[in-house]
Amino acid sequence: EAGVTQSPTHLIKTRGQQVTLRCSPISGHTSVYWYQQALGLGLQFLLWYDEGEERNRGNFPPRFSGRQFPNYSSELNVNALELEDSALYLCASSVGQVNSPLHFGNGTRLTVT
Amino acid sequence: AQSVTQLDSQVPVFEEAPVELRCNYSSSVSVYLFWYVQYPNQGLQLLLKYLSGSTLVKGINGFEAEFNKSQTSFHLRKPSVHISDTAEYFCAVLKTSYDKVIFGPGTSLSVIP
Chain A
67 EAGVTQSPTH
77 LIKTRGQQVT
87 LRCSPISGHT
97 SVYWYQQALG
107 LGLQFLLWYD
117 EGEERNRGNF
127 PPRFSGRQFP
137 NYSSELNVNA
147 LELEDSALYL
157 CASSVGQVNS
167 PLHFGNGTRL
177 TVT
Chain B
24 AQSVTQLDSQ
34 VPVFEEAPVE
44 LRCNYSSSVS
54 VYLFWYVQYP
64 NQGLQLLLKY
74 LSGSTLVKGI
84 NGFEAEFNKS
94 QTSFHLRKPS
104 VHISDTAEYF
114 CAVLKTSYDK
124 VIFGPGTSLS
134 VIP
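Protein chains in written order, with my numbering: chain A, 67 to 179; chain B, 24 to 136.
The set of hints was computed from the structure by calculation and includes no laboratory data.
As the structure is a prediction and not an experimental result, all values here were calculated from the model.
Check the hints yourself; a few may be wrong.
Claimed, not checked - Per the computed footprint, the stretches of chain B lying under chain A, defined by three or more beta-carbons under 8 Å from a beta-carbon of chain A, are: (1) 88-94; (2) 122-131.
Stated by the list, open to error - Just some of the chain A residues that point at chain B, by a computed CB distance under 8 Å: (3) Gln83; (4) Leu105; (5) Leu109; (6) Phe111; (7) Gly118; (8) Phe126; (9) Pro127; (10) Ala153; (11) Asn165; (12) Leu168; (13) Phe170; (14) Asn172; (15) Gly173.
Unchecked claim - Here are some chain B residues pointing at chain A (derived, C-beta under 8 Å): (16) Phe37; (17) Tyr48; (18) Lys72; (19) Phe113; (20) Leu117.
Backbone N, C-alpha and C fix where the C-beta goes; we use that ideal spot for every residue, glycine too.
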């Protein structure tokens, strides 16, 4: 069984630019979660999609957005990049049931200069 | 509001010694509890989970955790650690009302030869 895949693995952008990160969940998983792991800040919840709809959103500004496609893959978009957006962005998927554990990808390392 | 506390940010321990990583949570409703491990440059991997039933939960790699409702704790233990256990460990909480998964700040376990 293929795991959660994220692309790209590394990305370098400059302030003000826009970036799109991609995530493919495990086959059969309908829920996708996005987390930001910045140095020293642990995992901060960004977004949760299930069956194509946004179910919950963390305390991040509107320039963080995303979507989930009919095949359950997902994109995370960040506009007007700021230096503090530099972090590891982790995507996780689950089968969508209430207590299903999350399965994580290896993340996308974003560096904003 | 729901929160997760991991009191120890770093735990050094000698190889073959026992270890306990502490996790406390605050929630006014019932919760599901998880422990995840993150090896360097990788995503998170599920170690174990508590959903209901026996308060002592066994996971992979010889780890176990005990749910204590009165103390709102879910401490992780291993009787004898190996070098390969060196990693970041995250406690996570999910309200049974199907909310987002909240992660603690993490504990860095360093196993000393």
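Notebook entry, point to check: Should the hint that Phe37 (chain B) touches chain A count as held when the rule is a Cβ pair under 8 Å?
Noted result: Constraint on Phe37 (chain B) not satisfied, violated at 26 Å.
Checklist line | chain B contact restraint on Ala153 (chain A) - CB to CB distance below 8 Å | finding: For Ala153 (chain A), the interface hint is violated, since the closest Cβ of chain B sits about 14 Å away, which is over 8 Å.
Check: Is the interface hint for Asn165 (chain A) satisfied, with its Cβ closer than 8 Å to some Cβ of chain B?
Finding: Because about 5 Å separates Asn165 (chain A) from the closest Cβ in chain B, which is inside the 8 Å limit, the hint holds.
Item checked: Restraint outcome when Phe126 (chain A) is required to lie within 8 Å of chain B by C-beta distance -> Check failed: Cβ of Phe126 (chain A) comes no nearer than 12 Å to chain B, outside 8 Å.
Check: Minimum Cβ distance from Leu109 (chain A) to chain B below 8 Å?
Finding: holds (4 Å)
Check: Do the numbers back the hint for Leu105 (chain A), that is, is its least Cβ distance to chain B under 8 Å?
Finding: Cβ of Leu105 (chain A) sits 11 Å from chain B, so the hint is violated.
Margin query: If you count the residues of the region 88-94 of chain B with a beta-carbon closer than 8 Å to a beta-carbon of chain A, do you get 3 or more?
Written below: Since 0 is below three, the answer is violated.
Notebook entry, point to check: Regarding the hint that Gly173 (chain A) lies at the interface with chain B, is the smallest CB-CB distance below 8 Å?
Noted result: It holds, given that the least Cβ distance between Gly173 (chain A) and chain B is near 6 Å, below 8 Å.
Note to self: So, as I understand it, the hint says Pro127 (chain A) touches chain B; can you test that by seeing if any CB pair is closer than 8 Å?
What the structure shows: violated (18 Å)
Note to self: Please check whether Phe113 (chain B) passes as an interface residue: C-beta within 8 Å of a C-beta belonging to chain A.
What the structure shows: Because about 7 Å separates Phe113 (chain B) from the closest Cβ in chain A, which is inside the 8 Å limit, the hint holds.
Notebook entry, point to check: Should the interface hint for Lys72 (chain B) be scored as holding, given a Cβ-Cβ cut-off of 8 Å against chain A?
Noted result: Cβ of Lys72 (chain B) sits 6 Å from chain A, so the hint holds.
Note to self: Under 8 Å is the threshold here; is the Cβ of Leu117 (chain B) close enough to any Cβ of chain A for the hint to stand?
What the structure shows: This hint holds: Leu117 (chain B) lies near chain A, its Cβ roughly 7 Å from the closest one there, short of 8 Å.
In this structure, the hints that do not hold are numbers 1, 3, 4, 7, 8, 9, 10, 16, 17, in rising order.
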